[in-house]
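Asker: Each chain, letter by letter, is given below.
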Amino acid sequence: MSTDRDVTGIVRSWLHEDAHEDADRILNLVLDGIDTTPQRRAGWLARRLPPMNTYLKVGLAAAVVVLAGFIGIQLLGGSNVGGPGPSPSASSAEPTPSEPAPSATADTGLPVGSSHVLWDTPGDVGISFTIRAPGWSGDVGGGVLCKSSGCSDPPDGAAMIAFQGDLYVYGDPCQWSSTGPDTPATSVDELVAALAAQASRDASAPVDVTVDGYAGKSITLHVPDDAAYVGGRFSDCDRGEFRSWVRDPVADSARYHQGPGQIDELWILDVGGTLVVIDAGSYALTPAEHLAEVRAIADSATFELP
Amino acid sequence: MDTDLVKLAQNGDKGAFTALAAARADRYLAASHRILRDFSLAEDATQQALLSIWRDLPQLRDPARFDAWSYRLLVRACYAEASETRRWTPNIRLLPADEPMAADELNTVVNRDQLDRGFRRLSLDHRTVVVLHHYLDLPLDQVAEALGIPVGTVASRLHYAMRALRAALDADARSTTRKAAQ
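First to last, the sequence lines map onto chains A and B.
Heads up, the first sequence is in this note's numbering, so the first residue is 1 and it goes up one at a time.
Heads up, the second sequence is in this note's numbering, so the first residue is 1 and it goes up one at a time.
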């Protein structure tokens with residue numbers, strides 16, 4: 001009878017036998033391949049977008065202060081005492097050519113009315129959306145659309161992400177590492193039921209929906225307002241992350257959340273036998289018009305079967 | 001771990017990626033070969049993993065975790081190869097019968113053969129855990145991180161796999177003892 005120690009030693013020795021694996025040929029193929037393989041920019045899958053550059057934040061804040069002060073002076077008639085006061089129109093705040101223009105305004109982004117493929121992985125359902133309002137930018141091919149610089153971040157961001165395929169829904173999004181299921185949800189009803197049963201999500205009642213002719217259900221979930229959140233991490237949660245689901249447990253392609261109070265309005269569809277989830281993320285402080293915009297974009301979704 | 005190289009590669013520096021990949025490609029191929037037990041599948045998995053690493057590198061949040069993250073992509077590529085193709089080669093190896101062998105030498109060959117058979121009989125999940133822990137020398141928590149499963153599940157899989165391999169060796173030992181007695 002072998003002891004555990006014997007077996008471990010034998011197995012380790014066997015595994016370390018030189019099998020003469022030489023990856024030079026593979027490496028050369030890969031290095032040739034990267035010339036035609038674009039890198040995917042960091043997106044929502046990576047939990048959160050990189051924080052805005054500090055100098056940009058300071059610059060924007062300063063621009064707002066200067067603008068507010070300038071408008072206030074105009075409203076009070078500071079420099080126009082005795083004469084007709086100009087109306088505080090937007091044109092009064094336009095920078096002169098010698099001044100740097102404030103960047104990252106809400107008007108930058110994809111053209112209104114343009115359509116974009118946000119999921120183009122071969123073999124998967126193609127997912128496209130149409131931009132319905134200014135100020136939306138996207139990670140084309142990455143399945144993410146963001147409203148201006150706030151994207152999905154608290155306190156008032158708005159963004160949209162798409163997922164597809166069978167999804168493993170955690171029982172507890174905070175203690176997710178020990179509550180992952182053995183099997184994924186493979187139908188609309190299974191996924192809705194699993195999400196509605198998730199701990200601490202305050203899920204809404206599911207509602208029947210149809211997008212681009214494909215039927216499914218809509219459900220709204222919440223990240224608790226009082227979830228501990230320090231330095232960009234959910235400090236009481238596993239690895240500092242609050243997670244709804246994971247598509248591929250090995251690759252760890254999970255839906256991470258970006259802050260306490262995040263609201264997820266989900267459209268869960270059966271697109272030709274493939275589960276598709278469109279997730280519009282927002283917060284209680286997200287402007288109503290931004291919420292309306294993300295809903296309109298979600299409603300514009302069209303699908304192309306593989 | 002050179003995090004500067006990782007950061008450069010994240011920003012599209014192909015030279016930095018080449019350095020990272022060249023330092024690891026042999027190890028990736030060796031690990032995937034042991035997981036898949038098929039060299040052709042292992043080559044495909046390694047190629048796919050390296051391309052995925054290049055493509056998704058900007059999404060890596062912490063450059064210091066590059067190795068754990070890259071093993072995750074390697075394992076994913078192995079699973080994809082195993083599920084998409086079923087080119088498992090038949091595992092029939094005959095021991096040479098024309099030359100007498102010393103008992104130790106016989107035991108070594110038989111051990112290797114039995115281990116190979118026992119290893120192939122393990123599920124992909126179990127083989128992967130054994131390779132990550134006993135070949136790549138990752139501690140259990142890093143195996144768990146690479147696979148995205150709880151540490152307890154890793155320990156359970158490892159325990160099951162090693163028990164199965166011990167049973168394979170013990171069965172062979174009994175067979176060898178009988179042969180030696182004849």
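Some clues are possibly wrong.
As the list claims (entries may be wrong) - Covered stretches of chain A, as calculated for chain B (at least 3 residues, CB under 8 Å):
1. 7-18
2. 177-188
3. 257-265
What the hints assert, rightly or not - In silico DMTMM-like links for lysine to aspartate or glutamate, alpha-carbon gap of 25 Å or less:
4. K7(B) - D24(A)
5. K14(B) - D24(A)
6. K14(B) - D202(A)
Worth flagging that the hints you see were computed from the coordinates, not collected in a lab.
For each residue, glycine too, the CB sits at the ideal point set by N, CA and C.
Asker: Could you run down the list of hints and mark each one as holding or not?
Answerer: Taking the hints in turn, this is what the structure says about them:
With 9 residues carrying a beta carbon less than 8 Å from a beta carbon of chain B, the region 7-18 of chain A meets the three-residue requirement, and the given coverage holds. With 3 residues bearing a CB less than 8 Å from a CB of chain B, the region 177-188 of chain A meets the requirement of three and the coverage assertion stands. Remark: the region 257-265 of chain A is not confirmed as covered by chain B, as 0 of its residues place a Cβ nearer than 8 Å to a Cβ of that chain, below the required three. Distance restraint check for K7(B) and D24(A): the Cα-Cα separation of roughly 24 Å lies within the 25 Å cut-off, and the hinted pair is therefore satisfied.
Restraint check for K14(B) and D24(A): satisfied, since their Cα atoms lie roughly 17 Å apart, inside the 25 Å limit. Straight-line distance between C-alpha atoms of K14(B) and D202(A) comes to about 46 Å, which puts the hinted pair past the 25 Å bound.
Violated hints, in rising order: 3 and 6; the structure is consistent with all others.
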